[in-house]
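Colleague: Here are the chains, one letter per residue:
There are 2 protein chains.
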Amino acid sequence: MHAISFIQDLAVLMLVAGVVTVLFHRFKQPVVLGYILAGFIIGPHTPPFGLIHDEETIKILAELGVIFLMFCLGLEFSLRKLFSVGATAFIAAGLEIALMLWIGYEIGQFFGWSNMDSLFLGGILAISSTTIIIKALSDLKMKNERFAQLIFGVLIVEDILGIGIIALLSGIALSGSVETGEVFSTVGKLSLFMVVALVIGILLVPRLLAYVAKFESNEMLLVTVLGLCFGFCLLVAKLEYSMVLGAFLIGAIMAESRQLVQIERLMEPVRDLFSAIFFVTIGLLIDPTVLVEYAVPIFVITAAVIVGKVISCSLGAFIAGNDGRTSLRVGMGLSQIGEFSFIIAALGMTLQVTSDFLYPVAVAVSALTTLSTPYLIRVADPLSQRLAGWMPLRFARVFAMYGDWLRSIQPQGQSALLMAMIRKILLQVLINLALVVAIFFGGAYFAATLAGYMAPWVSHENLQKALIWGGALLLSLPFLIAAYRKLKALAMLLAEMAVSPEKAGRHTVRARRVISELIPLLALVGIMLLLMVLSASILPTGELLLVIGLVAAVVIVVLWRWLIRLHSRLQIALMETLEHSQDQPHH
Amino acid sequence: MHAISFIQDLAVLMLVAGVVTVLFHRFKQPVVLGYILAGFIIGPHTPPFGLIHDEETIKILAELGVIFLMFCLGLEFSLRKLFSVGATAFIAAGLEIALMLWIGYEIGQFFGWSNMDSLFLGGILAISSTTIIIKALSDLKMKNERFAQLIFGVLIVEDILGIGIIALLSGIALSGSVETGEVFSTVGKLSLFMVVALVIGILLVPRLLAYVAKFESNEMLLVTVLGLCFGFCLLVAKLEYSMVLGAFLIGAIMAESRQLVQIERLMEPVRDLFSAIFFVTIGLLIDPTVLVEYAVPIFVITAAVIVGKVISCSLGAFIAGNDGRTSLRVGMGLSQIGEFSFIIAALGMTLQVTSDFLYPVAVAVSALTTLSTPYLIRVADPLSQRLAGWMPLRFARVFAMYGDWLRSIQPQGQSALLMAMIRKILLQVLINLALVVAIFFGGAYFAATLAGYMAPWVSHENLQKALIWGGALLLSLPFLIAAYRKLKALAMLLAEMAVSPEKAGRHTVRARRVISELIPLLALVGIMLLLMVLSASILPTGELLLVIGLVAAVVIVVLWRWLIRLHSRLQIALMETLEHSQDQPHH
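For the protein sequence lines, the chains are V and Y, in the order given.
FYI, the numbering for the first sequence is 4 to 590, going by the numbering used here.
FYI, the numbering for the second sequence is 4 to 590, going by the numbering used here.
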């Protein structure tokens, strides 16, 4: 049979991986490192030399491994968890990623590497490793302590930011240059895409999965899940984003379905199989001569990762209001790189923009920092005591005052409630506007195709544009009205707060009404102007625009109630899905 | 990324498979047919034409699908179940397979197909489909009735005989001719290999799995299971058997481990994923023009399958002593072909000995017989009543008499116990002898290699042979002694039965002792002679043989007790594994 050489590859791969990981497990080292070592052993650079024959097929399976890895990461991610992580996670993750991107880039430049290598090095160093941290914390039996919960929060934010980094690096690699404007436009488009995909996905996918689950067949559920996963990856790839991003997003969408536990149980062996192949393939690429040649950069980068992450994460945690000891433990726990780094390094290789040495260097740094993680966590406590002892009394007092001050400015009671309400309204407005922008973008994207369909009936180009633009406006109406109503509520709240009867006297009511009517209207006008700019390519001429405006006004007046009901139905469906999934235990 | 076209293939495959299988499930048709239809739709022969681009990789994954399918069939197989199925299973399966092999071959010849096509057609028609039967019986809620249990017994025997057919057809395809002697030698070698693999496998594999399971990591257990599976497939392929056989055997070995339930749970999604790809790939190959062209053969073969299987299985069940109604139900239930047929058809294609049309024909026949199965099962009861009504009274009386006669000749009470004991002893002797033969075969197989190792110390060829042959004898001693002792026990039993004090009078004791000493000695001498013939290539000359014999005699005398203890330890280990696995629920 012609598959025999491939089966032989798989046999060698799994047998060596099995033996090495059993050994690693016995000596309490992470299994991931075992896989990499297994790949190193059977790889072409070490005796007995090249035990893998059909490397092409193995590499394709390895890419499947990345997809399944990210898909399962998405399954473990949850929007609810993202909404509920505190300030610590955002501040620490933001500081860490900004600092590590910069440090990575600077180290690359220092060693005279190319701009692209330096940039990817920054990306490689930015994200810590979820799997290795979870392994280390459960080995140390610290998984339920407070600092561990903070670390998990940081990791969730890191996941989302890491997805952004992957999208950014792909964009930069394809365009070949870094321009601030382009970065912002990439990030903007990416956020827009993510919001729209999540909203539509959470409306559709959990319902579909619930329907399939009714047949009570694991096989059908698995096939459906895989079909959705690959299909979405394909869609994302067609939009020129990385498939890795697609896998994560569809995973996050499915995390909101009621079948989450079942899906996780079914996908676990599939992920383990393919991710084992992925990690072994990493080992295959390691050339020991490269490691020797780049020994100095490897040690410099390792030191930079540990020092940089400890400082940035500890500082972030401290700024967010944690005590020194907890902050240091958070920083020590996050001081390594792992699977995200491999994925970013692999991205650079597949896009052929990074040098060959970057991958082995990343693997070596990951191995060294992984091995040091448990010791760092254990040393955090004694170190924080030592530091407290060394610190001059005045410093300690400043630190303590910072904590007190932070607590004093935190909104309490009613104002905290108000802040939460304002945040929620703003989020809803943003989501609705994102959907509107997406509809107009979609119209512009498919304008040529749509015009082609219309050509037999409507030949005039300007009229075609008017129809497309008008159609987009019509589709957007429910979301625009919802945004307007939310903005009005917000404006009333703000008017209530800003115009107090003591100051405005008898003008109070009128002043409040002016504010509460003016703000949403001005905001809507601003939004429409923005939309016109964004959809410039399909914007019809003035007269037609006027006609469209009139039609829209009539529709709004006639269908006002129906549009509101439609939107609230969609909103309820979304909320129901999000709340149902809370019944399920998350890990 | 270069994997994008492959991901696109997977996406299309899984999405179409998902939709079609959901529809099939809704209309209560087997999911397997849905997969095949999905493949047909996305295949190159039907619009929208060729949605699959990287067919090579998909085909490799499909071969993995076959391996996982057979592996999981092996997991569900169990030696204990094979030992406990009754006469019905053996007689019905034997009759069915013999008849269908012959009918298939004759139909092929009738339509003027090549010898090889006709032979493979016989193989394709021989084995019924476990998955389809289980599906049909559970849909009809008849899974726990007596005839269903009989059907499951037939299926177990069919699995083993099907494995034999695959090995035989591969052998015939490679040598290109059918010779009775060769067939017997193939079957003999295959049985020997299976016995040895099972004994050694059951001694080693469950222990290894138990060790790995101690780490309580699903991932490690999965990697180990996959490594063993692929590794064993590779070994089997190196011995020039089909990898399918290897997958089934290692599955059957793992079925005796304590981790069976866990392994099944882990392997289920992996099997579902890859077997979906396999079944879809089957559909890809179907060309509707072939189906139209071969419409007549397809209907003839379909009719032959249904009529042939109903008659042979019903007859087999009736001969084994079941009543007419149950027999007919057994026959009706088994009247279809399925996954084994696809595997055999695929085998013919990969070995490039069958024509292109055979595969689609097999698929079409499988589809038709699958669809008819539930109706046939439902019609069995009314039909048996109708038949009983039509039957002339004299016929009915003969049938009833057959049943009475059969019950009268069945051993009862003490003699039934004796028969069971004799069967058990013979089985043990056969297993021990199989191990001995395997040791000598192994010696002959590796003679050149071993001689190469010895060359620096022992240069004389005859001396080398003597050492190898002597070594093999030494290794075989525990098994030879065990066989001798079991034979002696058997001889004593037989002597007791054959020489009754009434007939032999005062010679009773002496006659019994002569028989009980003579039989095992004669048998052993016969075995040694057989071994000498089988190992002719490494048999040393006469004097050296004498020396070896003397050494062996000394070893036997000195180490008699130790050898017995060694063997009984091995036996206990084997029995423990077999009994432990009984604690686990089997499906």
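Treat the hints as calculated values from the structure; they're not laboratory data.
Errors might be hidden in some of the hints.
To be verified - DEER-style ranges, computed between Cβ atoms: (1) Y:ALA213 <-> V:MET352: 19 to 25 Å; (2) V:GLN355 <-> Y:ALA213: 25 to 31 Å; (3) Y:GLU58 <-> V:LEU82: 57 to 63 Å; (4) V:VAL310 <-> Y:PRO47: 56 to 62 Å.
To be verified - What the simulated footprint calls covered on chain Y by chain V, stretch by stretch (three residues with Cβ under 8 Å from a Cβ of chain V suffice, anywhere in the stretch; the number is not a length): (5) 59-71; (6) 424-438; (7) 467-474.
Glycine is no exception: its CB is placed at the ideal position from the N, C-alpha and C atoms.
Colleague: Next step is simple, just say for each hint if it's right about the structure.
Modeller: Evaluation of the provided hints:
no. : hint                              : in the structure
1   : Y:ALA213 <-> V:MET352: 19 to 25 Å : violated (41 Å)
2   : V:GLN355 <-> Y:ALA213: 25 to 31 Å : violated (47 Å)
3   : Y:GLU58 <-> V:LEU82: 57 to 63 Å   : violated (39 Å)
4   : V:VAL310 <-> Y:PRO47: 56 to 62 Å  : holds (59 Å)
5   : 59-71                             : holds (count 6)
6   : 424-438                           : violated (count 0)
7   : 467-474                           : violated (count 0)
Hints 1, 2, 3, 6 and 7 from the list above are not met by this structure, while the remaining hints are.
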